[in-house]
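Visitor: Chain by chain, the residues run as shown.
2 protein chains.
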Amino acid sequence: MYETDAGKRLQQLAGRPYDLTAPDALTAAGRLERYVCRAGSLRMLYSMQRITDEVLDALQDLADECRLVEQFKEMRRGAVINRIAGWPSENRQVLHTACRDIFCQNPAAPAATAQAKSELEKLKGFLDDVDSGGVCNADGKKFRTLIHVGIGGSDLGPRAVHEALQAFGRKDKDVHFISNVDPDDAAAVLEKTDLATSLVVIVSKSGTTMETRANEQLVCQALRRDGLEPRHHCIAVTGKGSPMDNPEQYLRAFYMYDYIGGRYSLTSMVGLVTLGFSLGYEKIVEFLHGAAEMDLVAEETDIRRNLPLLLAVLGIWNHNYLGYPTVAVLPYSQALHRFPAHLQQCDMESNGKSIDRNGRQLVGKSGPVLWGEPGTNGQHAFYQLLHQGTELVPVEFIGFLRSQRGEDLEVAGTSSQQKLIANLLAQSIALATGKEDENPNKYFPGNRPSILLIGNSLTPEVMGSLLALYEAKIVLQGFAWNINSFDQEGVQLGKALATRLLACMTGSESQPQGLESKLLKAACNTG
Amino acid sequence: MYETDAGKRLQQLAGRPYDLTAPDALTAAGRLERYVCRAGSLRMLYSMQRITDEVLDALQDLADECRLVEQFKEMRRGAVINRIAGWPSENRQVLHTACRDIFCQNPAAPAATAQAKSELEKLKGFLDDVDSGGVCNADGKKFRTLIHVGIGGSDLGPRAVHEALQAFGRKDKDVHFISNVDPDDAAAVLEKTDLATSLVVIVSKSGTTMETRANEQLVCQALRRDGLEPRHHCIAVTGKGSPMDNPEQYLRAFYMYDYIGGRYSLTSMVGLVTLGFSLGYEKIVEFLHGAAEMDLVAEETDIRRNLPLLLAVLGIWNHNYLGYPTVAVLPYSQALHRFPAHLQQCDMESNGKSIDRNGRQLVGKSGPVLWGEPGTNGQHAFYQLLHQGTELVPVEFIGFLRSQRGEDLEVAGTSSQQKLIANLLAQSIALATGKEDENPNKYFPGNRPSILLIGNSLTPEVMGSLLALYEAKIVLQGFAWNINSFDQEGVQLGKALATRLLACMTGSESQPQGLESKLLKAACNTG
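As given, the protein sequences belong to chains A and B, one line each in that order.
Taking this note's numbering, the leading residue of the first sequence gets 6, the next gets one more, and so forth.
Taking this note's numbering, the leading residue of the second sequence gets 6, the next gets one more, and so forth.
Be careful, since some hints might not be right.
Footprint (simulated), chain A over chain B, 3 or more residues, beta carbon under 8 Å [unchecked claim]:
(1) 173-187
(2) 206-213
(3) 236-250
(4) 491-497
Keep in mind that the hints were calculated from the coordinates and are not lab data.
These numbers come from a predicted model, not from an experiment.
Glycine included, C-beta positions come from ideal geometry on N, C-alpha and C.
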């Protein structure tokens with residue numbers, strides 16, 4: 006990326022980035038109106054970035070020289086891109102987009118979309134049976150609660166979107182999540198749940214995820230304690246042929262395929278079984294539709310009209326050229342309170358890499374640290390550092406003009422929703438323009454870039470678009486850095502060492518004087 | 006800090022930090038056992054830091070030269086340290102420690118502790134009345150739910166500790182939180198709550214917090230809609246003499262004082278009313294006791310025996326000398342899932358500053374970006390970047406040997422709690438030592454520092470200690486950077502701009518062609 010002509014030009018341009026604190030800097034030359042990118046019902050205002058038309062042109066050239074859109078198209082059409090050339094690797098297609106490519110006659114990856122449609126049909130039938138009582142508990146009672154057991158990609162995404170769309174949830178349905186191997190996580194959920202009328206969805210692609218299988222056993226123990234038969238309550242979401250693909254142990258099995266990575270699996274059965282139970286089948290189709298629309302936008306070559314690509318290259322400008330090590334995603338929507346945690350996973354697990362797709366050490370930086378909490382809450386928490394700290398943090402604000410639930414009240418002349426939007430926009434201005442002041446403690450340096458991502462209302466369809474927007478952004482950035490965004494070798498060493506520590510605990514460790522034993526002793530020495 | 010002798014020595018030492026990847030690097034010279042610091046029932050293992058005895062000695066000298074412990078002592082005894090010399094400022098004492106200095110005969114700040122004791126007595130009486138039914142609703146029914154309305158310091162801390170100690174919560178009591186001005190936040194809580202048997206605690210020191218007062222009105226509207234009288238349900242936690250200090254509008258008022266900042270207010274009535282309702286009075290006394298004990302530890306001059314100070318100076322070593330811009334706090338305890346969000350606020354709002362206590366621009370960096378999520382969940386999310394990414398992130402791990410609820414099960418020969426601890430320790434080793442591999446994708450560079458903070462079990466007392474540990478760490482780092490950690494001028498500009506945007510929305514803006522109006526139009530243009 007750095008060696009391309011565009012990359013070199015960007016390096017030069019980064020020496021004197023656009024000054025957002027100059028008079029009329031945000032509005033000069035129709036900038037505010039021109040620097041808007043639309044996709045579906047989302048629009049991104051990016052006047053508050055430290056960019057000029059020249060920078061945008063160079064970013065376009067970078068996108069072209071790195072073939073970002075072409076690579077995205079190849080991915081959608083089934084190219085084997087989950088690999089490191091010359092080394093043993095997963096060697097797989099990357100086809101999460103196929104899960105929602107169900108609305109057109111000629112899907113980009115027909116076989117994968119056919120599999121997705123077949124699972125959707127199964128799900129529709131199952132949800133109908135649950136609603137009608139055709140599938141019910143041993144006493145003939147309808148299931149009204151679902152416990153979702155998974156971790157990482159099988160937890161953060163489903164949880165984030167469940168929270169985001171609770172306003173659309175059916176009143177007679179409850180959903181709980183268990184993820185952590187910490188036994189208190191399962192215990193807290195099981196304590197408050199009526200297991201007799203609960204479905205339990207166990208989600209693990211491999212069928213061997215340590216945390217998930219341990220939590221499954223904790224739930225099964227609780228079911229049996231209540232005189233319930235686990236296989237009448239438990240549903241498997243897993244890879245075909247995995248140890249969990251066993252009709253004798255589960256009421257149903259829904260499949261995910263090896264071309265879908267955990268952190269990209271929200272629009273597969275990993276997310277849809279639970280969301281379908283809570284929202285109903287029609288709403289998950291709307292959710293998929295929003296995602297499918299955004300996937301098409303990501304194939305547009307003009308960065309000014311391709312929202313995911315624009316978000317991706319602006320992120321690269323901030324991270325690789327202006328040198329900011331982190332990025333904050335700050336939704337002005339309480340419903341999105343767990344969306345940053347999902348993005349943190351999807352982004353950092355995909356792009357937290359140090360070698361390129363040929364196994365060579367990267368020259369520059371790959372993915373940043375992504376973090377965030379909802380506004381306005383954050384304004385009363387960490388925004389002090391955003392405005393006046395010594396660490397500079399580019400911000401991606403997300404907000405909606407209308408609330409989901411429509412319950413509001415005018416206080417001091419304005420509604421809460423108006424206050425929310427006013428604060429959202431105000432923060433973007435404040436970070437960009439700063440403020441001079443004689444008192445050094447009231448001085449704001451400004452020139453802290455942000456984007457504003459605005460929608461009309463957070464519906465299931467918009468949630469789908471927002472998800473696909475960020476998934477595509479992450480993938481496109483990975484292409485620019487020339488890394489494999491789809492493996493996660495960095496999690497293996499910890500797993501291997503944990504196994505050795507467990508061996509120390511059970512006394513089966515072969516080297517009782519090793520580092521693991523010593524650390525365990527020091528940690529447990531209650532002295 | 007940089008100009009001190011110790012500061013200069015540290016700069017030199019940072020050029021060749023200790024190599025954690027060398028053979029036996031963690032265990033050499035009894036390092037693993039020696040690099041342990043204890044306080045109460047917490048112990049910190051810090052062998053996995055890139056330090057030597059020489060670095061520790063220099064950090065001790067830095068602490069001494071900057072008078073860190075003396076300044077902490079002065080704070081606890083009522084020095085006016087919330088100020089910028091030569092400029093208008095809040096000019097206040099900083100006495101959150103006085104709230105828990107209730108266990109000794111001679112408290113460090115007697116007047117403030119007397120006020121804390123008096124509020125505690127009031128609270129005890131009130132909680133007794135609620136339990137006995139002496140305070141009840143209009144129909145004579147007992148209150149069984151509490152809705153806590155606050156934001157920032159009046160929300161994140163109480164929420165984090167409520168979640169952390171839910172295992173100790175009384176079964177007949179429920180607590181909900183409303184914080185965001187997003188009207189969906191209140192609507193979601195109100196929808197699921199029986200208001201007739203609910204107390205509503207409104208928390209705002211100034212009595213004018215925009216979000217909190219708007220949410221109060223939303224709750225009052227809902228109470229009236231249900232035929233309930235707000236003043237029979239609402240409790241004020243506020244500054245004496247604030248607009249909320251009004252017995253005609255509230256069932257009770259509990260006071261916080263101007264010497265307690267919002268983000269340090271957890272052990273004042275801001276946290277204790279809600280925690281007392283949920284846990285009972287005895288448990289909050291245990292919580293205060295844990296905090297009081299840690300405050301005393303922070304007065305020890307030897308960094309090797311002063312846990313908060315050691316945590317503070319190790320953080321400075323990583324941030325200012327080794328140059329890491331962020332720090333991750335990763336609790337291996339699902340109960341602590343919101344503790345990083347509280348610390349993020351407390352740390353970044355305190356130390357996200359750019360001028361020193363004399364109003365001069367800082368030479369080096371002040372506070373880092375603090376972020377985190379619980380393990381093992383994070384292992385399946387962002388740990389890929391921690392192990393193999395191009396951004397280096399020092400980690401503060403927190404874990405406990407025993408679970409809170411005691412519900413566990415052996416799966417594949419070990420309990421979930423054992424798996425949790427094994428993973429915690431394994432991550433610390435993996436980050437430090439790394440791993441050589443011929444395959445570049447399986448290579449782990451190591452030398453990524455962490456500390457392990459271990460307790461026996463997360464009880465109310467340990468939670469108090471953990472809170473006070475981090476509060477003291479933050480304050481001590483602020484002293485080292487010579488900044489005022491107790492004001493938050495950086496939040497003012499956004500507030501002022503939000504007011505102007507609201508004026509644009511209601512048509513009362515005097516400059517309808519200004520930036521605010523234009524941005525509002527661009528954001529709302531649904532095109």
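Visitor: Does each hint hold? Answer for all of them.
Guide: Hint check results:
1. Only when three residues or more bring their CB closer than 8 Å to a CB of chain A does the claim for the stretch 173-187 of chain B stand; here the count is 4, and the claim holds.
2. With 0 residues having a Cβ less than 8 Å from any Cβ of chain A, the stretch 206-213 of chain B misses the three-residue criterion, and the hint is violated.
3. Only residues whose beta carbon comes within less than 8 Å of a beta carbon in chain A count, and the stretch 236-250 of chain B has 0; fewer than three means the coverage is violated.
4. Only residues whose C-beta sits within less than 8 Å of a C-beta in chain A count toward coverage, and the stretch 491-497 of chain B has 6 of them, enough to reach three; the restraint holds.
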